[in-house]
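Chemist: Kindly produce the complete structure, drawing on both the sequences and the hints.
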Amino acid sequence: MKKICHVVDRLNIGGLEKTLVAIALGLGEYEHHVWCLDTNGPLGSVLQSRNVEVRKFGLKGPISFSSIRLLAEGMSKERFDIVHSHGLYPSIWARLSAMAAHVPVKIDHIQNTYTQVPFIDKLKLLALSYSTTKFVAVAEAVKRGVMENIKISASKIEVIYNSSIDMKAESSGARKIFREELGLGKSFVVMSIGRLEKLKGHSFLIDAVKSCRDDDIDVKCVIAGSGPESDELKKKIAGLGLEEAVFLLGARSDIATVLSGADAFIQPSTLIEGLPLVLAEGASMGLPLIATSVGGNAEIVEDGKNGFIVHPKDPEAIADKIVFLARHPFEFKEMGEASRKIWQDKFTRERMLQKIRGLYDGCMRKWDVVMAER
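Residue numbers for the sequence shown follow our numbering, so the first one is 408 and each next one is one higher.
Since the hints were made in silico from the structure, they are not lab data. Any given hint could be a false lead.
Result set (DSS-like, lysine-lysine): computed pairs, CA atoms no more than 27 Å apart in a straight line [stated by the list, open to error]:
{"no.": "1", "residue 1": "K529", "residue 2": "K541"}
{"no.": "2", "residue 1": "K563", "residue 2": "K541"}
{"no.": "3", "residue 1": "K643", "residue 2": "K593"}
{"no.": "4", "residue 1": "K575", "residue 2": "K753"}
{"no.": "5", "residue 1": "K748", "residue 2": "K712"}
{"no.": "6", "residue 1": "K541", "residue 2": "K410"}
{"no.": "7", "residue 1": "K762", "residue 2": "K773"}
{"no.": "8", "residue 1": "K575", "residue 2": "K563"}
{"no.": "9", "residue 1": "K762", "residue 2": "K563"}
Computed from a predicted model, the values in this text were never measured in an experiment.
Modeler: What follows is the structure in structure tokens.
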């Protein structure tokens, strides 16, 4: 059985981490080990409950020779066949260590376009690319961004979309209870899930909800997630008098239950995205989607078919699309059905795992050929 070492910063609840967990639990023909450079996280216990080894190293701050040696010695001892890194800085640590340990296959899983990465880090990524067996980009937009910003050859990058389990099946019967708990009634409920930070654009979503309600549209908004903008968003909600219309749930792990209460899903990001896993989750639920024109959003939201693409930082555009969905039940139903179909065709968990399996096997076959020719 081939041994794979996944290297990540920590195992918080996020798209990157959930994708890693899906791979580790979904491809049982490999022996998976997960190494957290910093600390564990909520998803670590999920892996451990399924007998996947999770190690934490407590490594913080700049990369050091001693840290790389620590990781490399561990990789050599375990005799890993593949090191699969997840995230910008884990990718640097992991590949340096894997090179020192002579790990045959090095794979880097890239979640965004690296547009905002400091120049010195771009140089590091370019230098490491020559020893990297393969890159996984989570969207075509990410592939283009990496080619432009890091100058990596297209032939080394494979696009494998983030995937979602069937949220509709997972949430059976949850909608009524969830809506009753929050007092959502018969309102048209829009939802957003993600880390509460400025670049996620939740402030603009709140402005959009205010605009809708000023036009006497019975809209309520649920936002799940935690982060540094939490207090500012609470102040904004209070300042706009939206305490009974906008609900901040904090971090939630029961995403299927939360999504079950929604009528539409909104991704209002302002700057950087790869392909948000929550969009795939919303599509699997059969929700119309509204997303900004950043990153790979348009690869899952087909404008006018299963939702709408709007410009970033444009609350009026978001409001217009919410109003359209709330006032046009036929189109609303059609768009929800189209979302479900797009998820079934492109974003299922099984499809992603099949592609990752093919990537692992292909990389190992090439390595075996190289070794046979020596």
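Chemist: A separate judgement is required for each hint: does it hold in the structure or not?
Modeler: Against the structure, the hints:
1. At most 27 Å may separate the alpha-carbon atoms for a hinted pair to count; K529 and K541 meet this at roughly 17 Å.
2. With a C-alpha separation of about 5 Å, the suggested pair K563 and K541 falls inside the 27 Å cut-off, and the hint holds.
3. Distance hint between K643 and K593 is fulfilled; the C-alpha atoms sit about 25 Å from each other, no more than 27 Å.
4. Between K575 and K753, the direct Cα distance comes to roughly 16 Å. Compliance with the 27 Å bound is thereby established for this hinted pair.
5. Taking the CA atoms of K748 and K712, the gap is near 11 Å; set against the 27 Å cutoff, the hint holds.
6. Pair hint K541 plus K410 holds up; C-alpha atoms about 17 Å apart against a cutoff of 27 Å.
7. Proximity of K762 to K773 is assessed by CA-CA distance (about 17 Å); at most 27 Å being required, the pair is judged to hold.
8. Restraint check for K575 and K563: the C-alpha separation of about 36 Å exceeds 27 Å, so the hint is violated.
9. For the hint pairing K762 with K563, the CA-to-CA distance comes to about 15 Å; that is within 27 Å, so the pair holds.
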